[in-house]
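Engineer: Residues per chain, in single letters:
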Amino acid sequence: MIDFRHVYKTFRTPDRREVKALVDFSTQINKGEVVVIIGPSGSGKSTFLRCLNRLEEIDSGEIIIDGVNIYDKDVNINKIREEIGMVFQLFNLFPHKTVLDNVTLAQQVVRKRTKEESTEIARQLLHKVGILEKENVYQSQLSGGQQQRVAIARALAMRPKIMMFDEATSALDPEMIGEVLDVMKTLAREGMTMVVVTHEMGFAREVSDRVVFMDEGQIVEEGTAEHFFTNPIHERTKLFLSQIL
Amino acid sequence: MTFNRRSLITLCILAIIAASVYYFFTRRGITYIWHWEKIPEMVFYHGSKSADDPVVRLRMGVLMIGFMLTLKISIVSIFFGIIIGTIVGICRLSHEPVTRGLSAAYVELIRNTPLLVQIYIIYFFVGSMLRLSAFAAGTAALSIFAGAYVAEIVRAGIQSIHKGQMEASRSLGMTYAEAMRHVILPQAFKRIIPPLAGQFISLIKDSSLVSVIALADLMFQGQQAVARTYHAFEIYFTVAFLYLVMTFTLSMATQYIERRLAISD
Chain A
233 MIDFRHVYKT FRTPDRREVK ALVDFSTQIN KGEVVVIIGP SGSGKSTFLR CLNRLEEIDS
293 GEIIIDGVNI YDKDVNINKI REEIGMVFQL FNLFPHKTVL DNVTLAQQVV RKRTKEESTE
353 IARQLLHKVG ILEKENVYQS QLSGGQQQRV AIARALAMRP KIMMFDEATS ALDPEMIGEV
413 LDVMKTLARE GMTMVVVTHE MGFAREVSDR VVFMDEGQIV EEGTAEHFFT NPIHERTKLF
473 LSQIL
Chain B
229 MTFNRRSLIT LCILAIIAAS VYYFFTRRGI TYIWHWEKIP EMVFYHGSKS ADDPVVRLRM
289 GVLMIGFMLT LKISIVSIFF GIIIGTIVGI CRLSHEPVTR GLSAAYVELI RNTPLLVQIY
349 IIYFFVGSML RLSAFAAGTA ALSIFAGAYV AEIVRAGIQS IHKGQMEASR SLGMTYAEAM
409 RHVILPQAFK RIIPPLAGQF ISLIKDSSLV SVIALADLMF QGQQAVARTY HAFEIYFTVA
469 FLYLVMTFTL SMATQYIERR LAISD
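Just so you know, the sequences run in chain order A and B. Its first residue numbered 233, the first sequence is counted upward by one per residue in this note's numbering. Its first residue numbered 229, the second sequence is counted upward by one per residue in this note's numbering.
Be a bit skeptical, because a hint or two may be false.
Dumping the calculated DSBU-like pairs for lysine-lysine here, alpha-carbon to alpha-carbon at most 35 Å [said to hold, decoys possible]:
{"#": "1", "chain 1": "A", "residue 1": "LYS417", "chain 2": "B", "residue 2": "LYS391"}
{"#": "2", "chain 1": "B", "residue 1": "LYS391", "chain 2": "A", "residue 2": "LYS360"}
{"#": "3", "chain 1": "B", "residue 1": "LYS418", "chain 2": "A", "residue 2": "LYS366"}
{"#": "4", "chain 1": "B", "residue 1": "LYS391", "chain 2": "A", "residue 2": "LYS366"}
{"#": "5", "chain 1": "B", "residue 1": "LYS391", "chain 2": "A", "residue 2": "LYS347"}
{"#": "6", "chain 1": "A", "residue 1": "LYS329", "chain 2": "A", "residue 2": "LYS393"}
{"#": "7", "chain 1": "B", "residue 1": "LYS418", "chain 2": "A", "residue 2": "LYS344"}
Chain B regions said to be covered by chain A (calculated; three or more residues, Cβ under 8 Å) [unchecked claim]:
{"#": "8", "region": "387-395"}
{"#": "9", "region": "402-411"}
Note that these hints are calculated values from the structure, not bench results. Virtual Cβ for every residue (Gly too), placed ideally from N, Cα, C.
Pulled out of the complex, with its shape left as it was, chain A reads as follows (with noise of 0.2 Å):
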């Protein structure tokens, strides 16, 4: 279903140096699988996460969801988006609306979906991550871990066929934590294919097909959540479970 080929990505910083995220990034997720990415800070995993909706422009391979590169000129890279929900970590909440507008609006103007439809999904997707009371109030007046399960809803108003979440539960105080990777269990449960950037171990372990941990732009090591937990083999991947676990 998504096929990276070879990626290359580097950043430049404000002062010219050179920061390579993605190295010869090559990788297949299937439909309904649910892959975990863990790694240290700068190691890329939020840019393959960007990568994959093309929020970064890459400097070569390929990216190829269900037949279509997504990086070709003649792409319409905003029917594509509509595919591919995103949970980021500062949830970015639109502040001027309803949790309920929030949900609602992007059906609108991009689904183009009534009022009347598009609230109706709302109101059941906001059920679902049990925050449907909170449907009239503004982000200001909800907890982080409220935010985060709106945001979920947002996306996933939008019927995509991948979901990603961009350390969705890293900005949240740890008693928020568990309500949110309920949602996300939730949706793995129901065959979501996901691409999940967390260090949660526990997430990882009860929903996870596949547990990737990546270093440097690059791969070190990838295997089932359990091959992590009882014998992993690079010294990196190692050293990094030593400090998160």
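Once you have looked at the hints, place chain B on chain A.
Structural biologist: Below, chain B alone, put in the same frame as chain A:
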């Protein structure tokens, strides 16, 4: 302690002003006979206009006629200033070098030349080529002038919105324009209301400069009335007060809008 000292300083300044005014009017030998009673009829009067229009009713005096024109000029210029400013402000952030360069050139050109000169150029040069009326030339000059400042305010407002907002919108499949319209601009406008209000208050005051192209605005009518009656002090105080009515109303209105929009905070 600080309060006492500050009020003491204020009192001193007021005393100095009062003393200077007293000195000015007495010791320097200027005797001025105030004719405030002539002012009300310049604002409103009850009577007939001329032999052609002999109906006796409440009519606007010259200053009120000027006030209405200044109001009209200001509203039209603010309207076009917002449109020009928003478009140019977005262009300033374009990835297209030509668009970015042209919009930057416009802003720099307009901000770095005097408005009075711009009014003359637009009226005498552009206006005579395109056969613009004084009103069209005056409002065009003011709109273009305000547009440059609004553009910078809009640009700063857009840049102040966290880039995650654009990323979230785009990741949902919105185009750049859709994201701007539904997500970025509504938030940016809320944030730039105070500087915009300041800009438009300036614009109302700057509109007095169009009196130089014989547009009969408040300032022009005031000057004419002074030339006719020599009651310079009374008339200019009244003109100042009428400008104050407009600017203060705008100021109050924006504060009201700001409070209304603060609901989502």
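Engineer: Hint by hint, where does the structure go against what was stated? Just the numbers, ascending.
Structural biologist: none
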